[in-house]
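Construct the entire structure; sequences and hints are all you get.
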Amino acid sequence: MGGRPRRAEREPVMTRWVLHVDLDQFIAAVEVLRRPELRGRPVVVGGDGDPTERGVVATASYEARAHGVHSGLPLRTAARRCPEAVFLPVDADAYRAVSSRVMATLRGFDAVVEVLGWDEAFLAVAGDDPETTARRIRARIRAATGLECTVGIGRNKLQAKLATGLGKPTGVFRLTHRNWFEVLGGRPTDALWGIGAKTARRLRAAGIATVGDLAAADPRALAERFGPATGPWLVRLAQGRDHSPVDGAPRVPRSRGRETTYQRDLRDWRDVRREVANLARQVAGEAAAERRPAARVVVKVRYAPFATRTRGRTLEAPTAEAARIEEAALAALDRFTERRPVRLLGVRAEFAR
DNA sequence: TCTGGGGTCCTAGGACCC
DNA sequence: TCTGGGGTCCTAGGACCC
1 MGGRPRRAER EPVMTRWVLH VDLDQFIAAV EVLRRPELRG RPVVVGGDGD
51 PTERGVVATA SYEARAHGVH SGLPLRTAAR RCPEAVFLPV DADAYRAVSS
101 RVMATLRGFD AVVEVLGWDE AFLAVAGDDP ETTARRIRAR IRAATGLECT
151 VGIGRNKLQA KLATGLGKPT GVFRLTHRNW FEVLGGRPTD ALWGIGAKTA
201 RRLRAAGIAT VGDLAAADPR ALAERFGPAT GPWLVRLAQG RDHSPVDGAP
251 RVPRSRGRET TYQRDLRDWR DVRREVANLA RQVAGEAAAE RRPAARVVVK
301 VRYAPFATRT RGRTLEAPTA EAARIEEAAL AALDRFTERR PVRLLGVRAE
351 FAR
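The numbering of the first sequence is the UniProt record's numbering, which starts it at 1 and goes up by one.
The set of hints was computed from the structure by calculation and includes no laboratory data. Using N, Cα and C, we set each Cβ at its ideal position, and we do this for glycine too. Hints are supplied without guarantee of correctness; some may be wrong.
[Stated by the list, open to error] Between beta-carbon pairs, the in silico distance windows are:
no.: 1; residue 1: Ala-307; residue 2: Arg-254; range: 23 to 29 Å
no.: 2; residue 1: Pro-36; residue 2: Thr-132; range: 28 to 34 Å
no.: 3; residue 1: Gly-185; residue 2: Arg-107; range: 32 to 38 Å
no.: 4; residue 1: Arg-281; residue 2: Arg-254; range: 17 to 23 Å
no.: 5; residue 1: Glu-53; residue 2: Ala-277; range: 23 to 29 Å
no.: 6; residue 1: Thr-337; residue 2: Met-103; range: 44 to 50 Å
no.: 7; residue 1: Thr-15; residue 2: Arg-281; range: 51 to 57 Å
no.: 8; residue 1: Arg-270; residue 2: Arg-16; range: 56 to 62 Å
no.: 9; residue 1: Pro-305; residue 2: Glu-84; range: 27 to 33 Å
no.: 10; residue 1: Gly-185; residue 2: Thr-132; range: 25 to 31 Å
no.: 11; residue 1: Met-103; residue 2: Arg-254; range: 35 to 41 Å
no.: 12; residue 1: Glu-182; residue 2: Thr-15; range: 18 to 24 Å
This is the structure in structure tokens:
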């Protein structure tokens, strides 16, 4: 009776871990930080802060979530579900400032730091005790900003990211191949990072309801249904496999855009044309400030009630010149033949690579 | 309950070329 | 006339995430 080699059971001396740090109810927490009298009250941040207008919830505090208010919910609905909530406008500059302090704190650790957004980052760390590192991260962020966060620990970014959701709020959770199926095997596929409602529905139609089902599926069969890259990737996702590196290099944006939902639909297409020109000049200003020439300009039109169309124009040569970008946006707009009432307009500049 | 704004990446289909 | 197969690029749109 030889049994298994013991080496396979033993952890290497120095192990690589991925930690995912996610601030708890970040936007609402920043608002409470500068208005302490709001602590403990339902706070809803979104749009212009007026729950009678068009807009959706960006973040709700846990007190508001208890009333069924969550991100993406129309503000009007949020007001109906939680009339006593405090409604605040989105103040991107304030969140960016706090975010910078959070990320600077994380860069103080001996780790590669990949920033994901205002309130999230991955850290690649070495060591045998990632929980201790996680608790130090939580303590230092609290000391530096007064904010709470949750830390997920995994062998890769996928595991760490999902671990965070299991540790929230204000916790630390470790998710590896050892407990992956125990924790996630019976959950619906949209529990995974990258599978949303649409893909989950298509998977159910193929007889795949849970993470466990998907992990056992045939990658070739899914390639037929979901495409040659996406199909096999879905199976790897369900198995908790992910080899993407934690990338500390600063992100170089591929595009920059501006879009606006109008409080009242635009019915006169002279207004539409003027608004597209405005958006194009704003985008051009940002492209020029970042010294990024645009190679293509795409205009988005959302007709009332909600049908969305895009049309683009490739520039003869990449440019950050406002007049050229505005011209291209108006040329793209001219390709829209339907002159129905418009709910939203957007202009996006795609940068030369 | 009428559905934001900022992005990224992938796919399908047509054009074009050999 | 009736005409294969493959590669690559471009465009529009879908899906997803924060």
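query = CB of Glu-182 to CB of Thr-15, is that within 18 to 24 Å?
reply = 21 Å, holds
request  = Look at the Cβ atoms of Ala-307 and Arg-254 and judge whether their distance stays inside 23 to 29 Å.
outcome  = 26 Å, holds
query = Quick one: are Met-103 and Arg-254 within 35 to 41 Å, going by C-beta?
reply = Cβ of Met-103 to Cβ of Arg-254: about 21 Å, so the range 35 to 41 Å is violated.
message = Quick check: does the Cβ-Cβ distance between Pro-36 and Thr-132 fall within 28 to 34 Å?
response = Holds, at about 31 Å.
CB-CB spacing for Arg-107 and Gly-185 relative to the 32 to 38 Å hint = 36 Å, holds
ask   = How does the Cβ-Cβ distance of Arg-281 and Arg-254 compare with 17 to 23 Å: does it lie in that range?
value = 21 Å, holds
key: Verdict for Pro-305, Glu-84 (Cβ pair) under range 27 to 33 Å   = 31 Å, holds
ask   = Okay, Thr-15 versus Arg-281 on CB: inside 51 to 57 Å?
value = 52 Å, holds
Verdict for Arg-270, Arg-16 (Cβ pair) under range 56 to 62 Å = 60 Å, holds
query = So the hint says 25 to 31 Å: do the beta-carbon atoms of Gly-185 and Thr-132 match that?
reply = 29 Å, holds
ask   = So the hint says 44 to 50 Å: do the beta-carbon atoms of Thr-337 and Met-103 match that?
value = The hint (44 to 50 Å, Cβ to Cβ) holds, given that Thr-337 and Met-103 are roughly 46 Å apart.
query = Does the hinted range 23 to 29 Å hold for Glu-53 and Ala-277 at CB?
reply = Holds: the Cβ-Cβ distance is about 25 Å, inside 23 to 29 Å.
Hint compliance for this structure: hint 11 is the single one not met.
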